[in-house]
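**Student:** Residue strings, one per chain:
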Amino acid sequence: MNALATHVPILVIATPLLGAFAAPLIAKLGRTTRVAFSGLIAGLTACFAGLLAATLYSAGGQPIVYVLGGRVPLPSGLAVPVRIMLEVDGLSVFMALIAALVGALAVLYSVSYWKERSGGALYDSLLFLLIAGVFGLVLTGDMFNFFVFLEITSIAACGLIGFRAWRKRSSEAAFKVMALYTLAGLLVLLAVGLLYGQYGGLNMAFLAANLSGSMLDRIALALLLAGLAMKAGAVPMHMWAPEAYGEAPAPVAMVLVANSQAGLYALFRILFTLYGVALSVTAIGWILIVMAVLTILVGVTMALVQSDIKRLIAFGAVSQIGYMLLAVGVGFAVLATRPAFGLAAIQGGIFHMINDVACIGLLFLAAGAMVRAAGTRNLNAMGGLAHDLKGLTVLFAVGAFALAGVPPFNGFASKLIIYESTFRLSPVLAIVAVLGSIILLAVFLRAFQAAFLGPRTVGEAGRVPWTMTLSMAVLASIVIGFGLFPGFFIDKLVAPAANALWNGQAAYIGAVLGGG
Amino acid sequence: MGGISTGFGAWNPIAWSLLFAGTIVIAWGIRLLGRSDRKLDGEQGKVFLSGNDEPSAEKLHVRGDHLYWGMVDGLAGYYRRVRAVHTGVLSDYIAWFVGVLGVVLVILGLVR
Amino acid sequence: MTFVGNLPFVVSMLLVCLGLYVLLFKRNLIKMVIGVSLVETGINLFLVTLGYRAGGVAPIYTYAPVGATQVLPTPQALTLTSIVIGLATTALLLSFAILIYRHYGTLDVTEIKELKG
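Chains as they are written, first to last, in the numbering used here: chain A, 1155 to 1670; chain B, 1060 to 1171; chain C, 43 to 159.
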């Protein structure tokens, strides 16, 4: 058990990788074996992620460093850490829990979503590769390793977006997303090269300890900021997001949202832990805040006029990224003076990450079920699904109301913290945030009315398979549970994560370089 | 029990849910105080449209795009410009990306 | 540092800018893939140049001359990884370009815009 707890950081990444490479082989033994194998891998990954979280929280939030291929981070006689390391602190384990939840539910949903088509083994392989890439992104402590996992997620994501090769639009979306992701990844590599050339090391803790505010550092930060903000989907670089989320299969869209949030995680890690107050926090913070405000407004207003249900939810997802950027941007902008509302804003933003994944995941999975039942994706042609699919109606309504910030669901709890803390920096930000929530409620009311209410249009809708309903029910229970007991989850999950950003730079560096 | 304090206010979802449920119970109680001889079908339950027949549900139902036509029509200028920006052409997406990169480079290069 | 001494860095950044120019102003999908490849080549060149030390020999530890300066090995490892990743992304981009041509009949990026709005 002790050996397991020591090696669990790498097991979390290695298990889905094993699943990715073994899936096509195991699939030769038949469909049941393939499904059982994917379920096993997904379950094991979720258990390892939970074990990692338990290990970290029982150690009091001190970052866990796992050295690949060695025992000690800094062997004697060396001034620079030379091995690749995984460094797990409160925020990393929070993102790992999100990735585990999303991965397990996507695999569960795909069991019946992909029933009648061939190519299930390759789909499983790509899905596990994407999940492994997301885990690698959030657990790594080395800049070049981060670039490698960034590219792994890009390739797996684009493979999955274009998976339905018989559809015209899927290939178009996949090409565009691949080109954009590759360009962003290359610019991130340029920034990593700049940092390496200046300081001679690639380890994040080492760079954080030695960073000064020179001109090359600023260029590197600009490249990282633009590249990672594009990957997260901030306006005005968001236009790939509706295409990607709209054309991917429904469970993949949920994992892609987690992927974008991992990009956001990387941005926060670089800003707070790597750079800290080395550069002007006000300027960088306000860049984030302006992008976030634009994202919220453009996201919700564009969602209002979409006819395709999945594209509509995709624009909603884009706008929610704006909320997280806004909250953590406010927290970063005041990092120099450290008022109390900065920490509250960061807590709100991070709590919104898991709330958003649960709500948007629920909505995407429900949209997948709706499209299957109605046979069309166009909201103008759908109608009256509530006559036959009552459970799906309730689940969609829960997800929609929670995302729009209606009490007592979890979206309201995190958005309340965001409203009240951003108000302290500037009232305009809180006004924009509330306006975004109201318009988002209008968006989902329209979608609900168009798809579920009214007379039937397509005859009797078939039943939703039980695996799909189960995965949606798990997400709905998270939505309701986090909504009814926000204090408990904030204390246990969000506060260590927010603390890791606000106060945790010294602990992060000290865990690798030894004693502050 | 179960509440969070955001530093500037408090939010207790359990208390809110109990209040919500209590309000529904009170509203149900007020409804029960009403007359019990009202029938919902037949002549008493029909919609009054000045003596005209009620159209069928298919003709009455307002579908997807038409539900908010007033709001979308009012914002027509905004939507014309913003929808035109979402061209779907890859070169434009890359142009936006490089543009934002340039702006961020300039800001970070100039600010002390 | 002289301009001539910094020339490799300047050339690699020029390659990156050329690649960005191709991505922004050319309309053929295959040319855009070539543009991505140019950006990647420029960055690989930049990484290899980072490791150069004046008068250095190849970073092979066995049978190295005593007291010789060695070129840094880490950027070479980074560049190899980046070349392999570039291979995978170029292959994926080209496969999707073939699929797009099969569906749309054209490779002009200004006409492949069904997902607009």
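Bear in mind the hints are in silico, worked out from the structure with no lab data behind them. Since we're looking at a predicted model, the values are computed, not measured. Backbone N, C-alpha and C define an ideal beta-carbon position, used for all residues, glycine too. Possibly wrong hints are sitting among the right ones.
[To be verified] In silico DSSO-like links for lysine-lysine, alpha-carbon gap of 27 Å or less:
#1 C/K155 to A/K1322
#2 C/K158 to C/K73
#3 C/K73 to A/K1322
#4 A/K1646 to A/K1269
#5 A/K1269 to A/K1322
#6 A/K1269 to A/K1182
#7 C/K68 to C/K155
#8 B/K1118 to B/K1105
#9 C/K68 to A/K1322
#10 A/K1322 to C/K158
#11 C/K73 to C/K155
#12 C/K158 to C/K68
#13 B/K1105 to A/K1269
[What the hints assert, rightly or not] Listed next, the stretches of chain C that the computed footprint assigns to chain A, with coverage defined by at least 3 CB atoms under 8 Å from CB atoms of chain A:
#14 63-69
#15 79-90
#16 98-106
#17 142-151
[Said to hold, decoys possible] Non-contacting residues of chain A with respect to chain C, defined by C-beta distances greater than 12 Å in every case (computed):
#18 L1194
#19 V1431
#20 R1526
#21 G1616
**Student:** All the hints need checking, so say for each whether the structure fits it.
**Tutor:** Hints, verified against the model:
Between C/K155 and A/K1322 the alpha-carbon distance is near 11 Å, which keeps this suggested pair within the 27 Å criterion. At most 27 Å may separate the alpha-carbon atoms for a hinted pair to count; C/K158 and C/K73 meet this at roughly 22 Å. Using a Cα cut-off of 27 Å, the hinted pair C/K73 and A/K1322 holds, with the two alpha carbons roughly 21 Å apart. Restraint check for A/K1646 and A/K1269: not satisfied, since their Cα atoms lie roughly 39 Å apart, outside the 27 Å limit.
Of the supplied pair hints, the one linking A/K1269 and A/K1322 holds, its CA atoms being roughly 22 Å apart against a limit of 27 Å. Distance check on the hinted pair: A/K1269 and A/K1182 sit about 16 Å apart at the alpha-carbon level, within 27 Å; holds. Restraint check: the Cα-Cα separation between C/K68 and C/K155 comes to about 16 Å, which is no more than 27 Å; the hinted pair holds. Taking the CA atoms of B/K1118 and B/K1105, the gap is about 17 Å. The hint holds against a cut of 27 Å.
Under the criterion of a C-alpha separation no larger than 27 Å, the hint pairing C/K68 with A/K1322 is consistent with the structure, at around 23 Å. Among the hinted pairs, A/K1322 with C/K158 is consistent with the structure: their alpha-carbon atoms are about 14 Å apart, no more than 27 Å. The suggested pairing of C/K73 with C/K155 holds, with an alpha-carbon distance near 18 Å, which does not exceed 27 Å. Between C/K158 and C/K68, the direct Cα distance comes to roughly 20 Å. Compliance with the 27 Å bound is thereby established for this hinted pair.
Under the criterion of a C-alpha separation no larger than 27 Å, the hint pairing B/K1105 with A/K1269 is inconsistent with the structure, at around 47 Å. Under a criterion of three residues with beta carbons nearer than 8 Å to beta carbons of chain A, the stated coverage of the region 63-69 of chain C fails, only 1 such residues being counted. Three residues within the 8 Å Cβ limit are the bar, and the region 79-90 of chain C against chain A gives 5, so the coverage statement holds. Counting residues of the region 98-106 of chain C whose CB falls under 8 Å from any CB of chain A gives 0; the rule of at least 3 is not met.
For a cut-off of 8 Å, the count of residues in the region 142-151 of chain C with a CB near a CB of chain A stands at 3, and the three-residue condition holds. No Cβ of chain C approaches the Cβ of A/L1194 within 12 Å, the least distance being about 28 Å, so the stated non-interface status holds. The claim that A/V1431 is not at the interface with chain C holds, since no C-beta of that chain comes within 12 Å of its own (minimum 27 Å). Distance check on A/R1526: its Cβ is at least 21 Å (rounded) from any Cβ of chain C, clearing the 12 Å threshold; non-interface status holds.
Look at A/G1616: its CB is around 29 Å from the nearest CB on chain C, clear of 12 Å, so calling it non-interface holds up.
In terms of the numbered hints stated before, the structure departs from hints 4, 13, 14 and 16, listed from lowest to highest.
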